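Start from the sequences and build out the full structure, keeping to the hints where you can.
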Amino acid sequence: MKIAIPKERRANETRVAASPETVKKLIALGCDVVVEKGAGSSASFTDEAFKAAGATIGKDAATTYKDAAVILKVQKPITGGKEDEIKGLAKSTVVISITDPYRSTKELDAFAKSELTTFAMDFVPRITRAQSMDVLSSQSNLAGYKAILDGAAVFNRAFPMMMTAAGTIAPAKVFVMGAGVAGLQAIATARRLGAVVSATDVRPASKEQVESLGASFVAVEDDEFKQAETAGGYAKEMSDAYKAKQAALIAETIAKVDMVITTALIPGRPAPVLVTADMVKSMKPGSVIVDLAVEAGGNCELSQAGKVAVKHDVFIVGYENMPGRIATDASSLYSRNVYNFFELLFDKETKNLKIDWEDEIVKGTCVTHEGSIVHPALAHAEKEKPTPAKPAPVKKAEVAADAPAKTAKKTPTKSGAKSGAKAKASPKAKPAAKAKAKPEDKKDGGSA
0 MKIAIPKERR ANETRVAASP ETVKKLIALG CDVVVEKGAG SSASFTDEAF KAAGATIGKD
60 AATTYKDAAV ILKVQKPITG GKEDEIKGLA KSTVVISITD PYRSTKELDA FAKSELTTFA
120 MDFVPRITRA QSMDVLSSQS NLAGYKAILD GAAVFNRAFP MMMTAAGTIA PAKVFVMGAG
180 VAGLQAIATA RRLGAVVSAT DVRPASKEQV ESLGASFVAV EDDEFKQAET AGGYAKEMSD
240 AYKAKQAALI AETIAKVDMV ITTALIPGRP APVLVTADMV KSMKPGSVIV DLAVEAGGNC
300 ELSQAGKVAV KHDVFIVGYE NMPGRIATDA SSLYSRNVYN FFELLFDKET KNLKIDWEDE
360 IVKGTCVTHE GSIVHPALAH AEKEKPTPAK PAPVKKAEVA ADAPAKTAKK TPTKSGAKSG
420 AKAKASPKAK PAAKAKAKPE DKKDGGSA
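Going by numbering that gives the first Met the number 0, the sequence shown opens with residue 0, and the numbers climb by one from there.
Any given hint might turn out to be false.
Here are the simulated PhoX-like pairs of lysine-lysine, each with C-alpha atoms no more than 20 Å apart in a straight line [to be verified]:
#, residue 1, residue 2
1, Lys90, Lys353
2, Lys6, Lys58
3, Lys6, Lys81
4, Lys1, Lys24
5, Lys36, Lys1
6, Lys65, Lys1
7, Lys225, Lys206
8, Lys1, Lys23
9, Lys310, Lys280
10, Lys90, Lys65
11, Lys1, Lys58
12, Lys172, Lys283
13, Lys353, Lys1
14, Lys105, Lys81
15, Lys6, Lys65
16, Lys23, Lys36
17, Lys36, Lys50
18, Lys50, Lys65
19, Lys36, Lys65
20, Lys24, Lys353
21, Lys255, Lys310
22, Lys225, Lys244
23, Lys58, Lys86
24, Lys347, Lys24
Everything labelled a hint here was simulated from the structure, so no lab data went into it.
Treat the numbers as computed from the prediction; the structure is a model and nothing was measured.
This is the structure in structure tokens:
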């Protein structure tokens, strides 16, 4: 069975979906692996290293994709235009990538029309068994680390307190908004550099995590705050009254600090604005804001995607694809996540795909299959209705610091997926929850 590892073609993407380490593991499973020429160059993985691991080097995308049963990517394939990556792919080809489903209506329709079986790594459910496949955590961790380094690079002062014969330099004050994976890593990194760190989050459980890293916790800790977390560990939507009190406290804090790191995202919706223009105006000249949610609209009102903006003498860092700025480590971690997920779909005895559609992880990540958009979390996928009844109520989006919630409750339900002895195996089982992609179903999603 052939696995293809293409070069990433989306702007600013420096990562690659496999490393020499995971290529070696895939080959040990009995797979043939073809890596497109130069696919790992931005991540410092040479073609020679992939060859040494046992891969074949494809001279171009067409050669790499030819007869592939599975395609491993970082970003979802490009659809349409000169760089269309799905044109010519065989039906039932399995594509595994970060799909960003909430904001990818056009692409999902194209995947369904081409009858591709696509899995969204960003939809891996947050369960213990899936931790080794959790790309959002692995990439957010690096993003939080890099956010502090990028902020320090434009900050015109030192981070730690320094006592010299010429006088004492006070430590930098860093405020982290959102104590998820990225936020906690940002706290830890800023502390290592010697900064005085504070943080906020709307989840009560985050207070202990923040304080365990040596940072102080900033929040209006009333009764509503104490009940602000769902069973899944995400934050509930807060009342307007609470938001007003919290906003006043945040504004007061921001005016006193030297650097703000924002990490808050809402599943399926644009990122919430946490830092207003007035808050930026209140900051000291030379202060820094690093907005990790800029690709979803930004947590700072004045952020500009892809650049460092200077507003009211404050540096606002809006770099996109923060994990990709540490491409080697980001690729290494991502490729391990993908390999662990692929193992779930692979039968080591027949050395072919054998997809268990009843598996919770499989059901939670499958987005399109056999011409349909099958994930019920997506607005344009019809849910199966066995009897005429009112549709299930749509739950309010929950705030998730750093990364979107991995919605994974109902999708494909038929088990089966026969695997043949041919080089190319394709999943045969048809998920029960399915809907033909329709143009009129398209809706814009939020952050993914």
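Results of checking the hints against the structure:
1. For a cut-off of 20 Å, the pair hint linking Lys90 to Lys353 stands: about 17 Å separates their Cα positions.
2. For the suggested pair Lys6 and Lys58, the alpha carbons sit about 11 Å apart, so the restraint of at most 20 Å is met.
3. Using a Cα cut-off of 20 Å, the hinted pair Lys6 and Lys81 holds, with the two alpha carbons roughly 15 Å apart.
4. The suggested pairing of Lys1 with Lys24 holds, with an alpha-carbon distance near 14 Å, which does not exceed 20 Å.
5. Between the alpha carbons of Lys36 and Lys1 the distance comes to roughly 16 Å, so the proposed pair stays at or under 20 Å and holds.
6. A threshold of 20 Å between alpha carbons decides the hint, and for Lys65 with Lys1 the separation of about 9 Å falls inside it, so the pair holds.
7. For the suggested pair Lys225 and Lys206, the alpha carbons sit about 11 Å apart, so the restraint of at most 20 Å is met.
8. Taken as a hint, the Lys1 and Lys23 pair is honoured in the structure, with Cα atoms around 14 Å apart against an allowance of 20 Å.
9. Between Lys310 and Lys280 the alpha-carbon distance is near 8 Å, which keeps this suggested pair within the 20 Å criterion.
10. Proposed proximity of Lys90 and Lys65 is supported: the alpha carbons are some 13 Å apart, at most 20 Å.
11. Taking the CA atoms of Lys1 and Lys58, the gap is near 16 Å; set against the 20 Å cutoff, the hint holds.
12. Taken as a hint, the Lys172 and Lys283 pair is honoured in the structure, with Cα atoms around 12 Å apart against an allowance of 20 Å.
13. A hinted pair counts as satisfied when its Cα atoms are at most 20 Å apart, and Lys353 with Lys1 qualifies at roughly 15 Å.
14. For the suggested pair Lys105 and Lys81, the alpha carbons sit about 16 Å apart, so the restraint of at most 20 Å is met.
15. Using a Cα cut-off of 20 Å, the hinted pair Lys6 and Lys65 holds, with the two alpha carbons roughly 14 Å apart.
16. Pair hint Lys23 plus Lys36 holds up; C-alpha atoms about 17 Å apart against a cutoff of 20 Å.
17. Restraint check for Lys36 and Lys50: satisfied, since their Cα atoms lie roughly 11 Å apart, inside the 20 Å limit.
18. A distance of roughly 19 Å separates the Cα atoms of Lys50 and Lys65; the hinted pair therefore holds under the 20 Å criterion.
19. Between Lys36 and Lys65, the direct Cα distance comes to roughly 14 Å. Compliance with the 20 Å bound is thereby established for this hinted pair.
20. The straight-line distance between the Cα atoms of Lys24 and Lys353 is roughly 18 Å, inside the 20 Å bound, and the hint therefore holds.
21. At roughly 17 Å between alpha-carbon atoms, Lys255 and Lys310 fall within 20 Å of each other, so this suggested pair holds.
22. For the given pair, Lys225 sits about 15 Å from Lys244 by alpha-carbon distance, which is consistent with the 20 Å threshold.
23. Taking the CA atoms of Lys58 and Lys86, the gap is near 18 Å; set against the 20 Å cutoff, the hint holds.
24. The hinted pair formed by Lys347 and Lys24 meets the criterion: a straight-line CA distance of about 12 Å does not exceed 20 Å.
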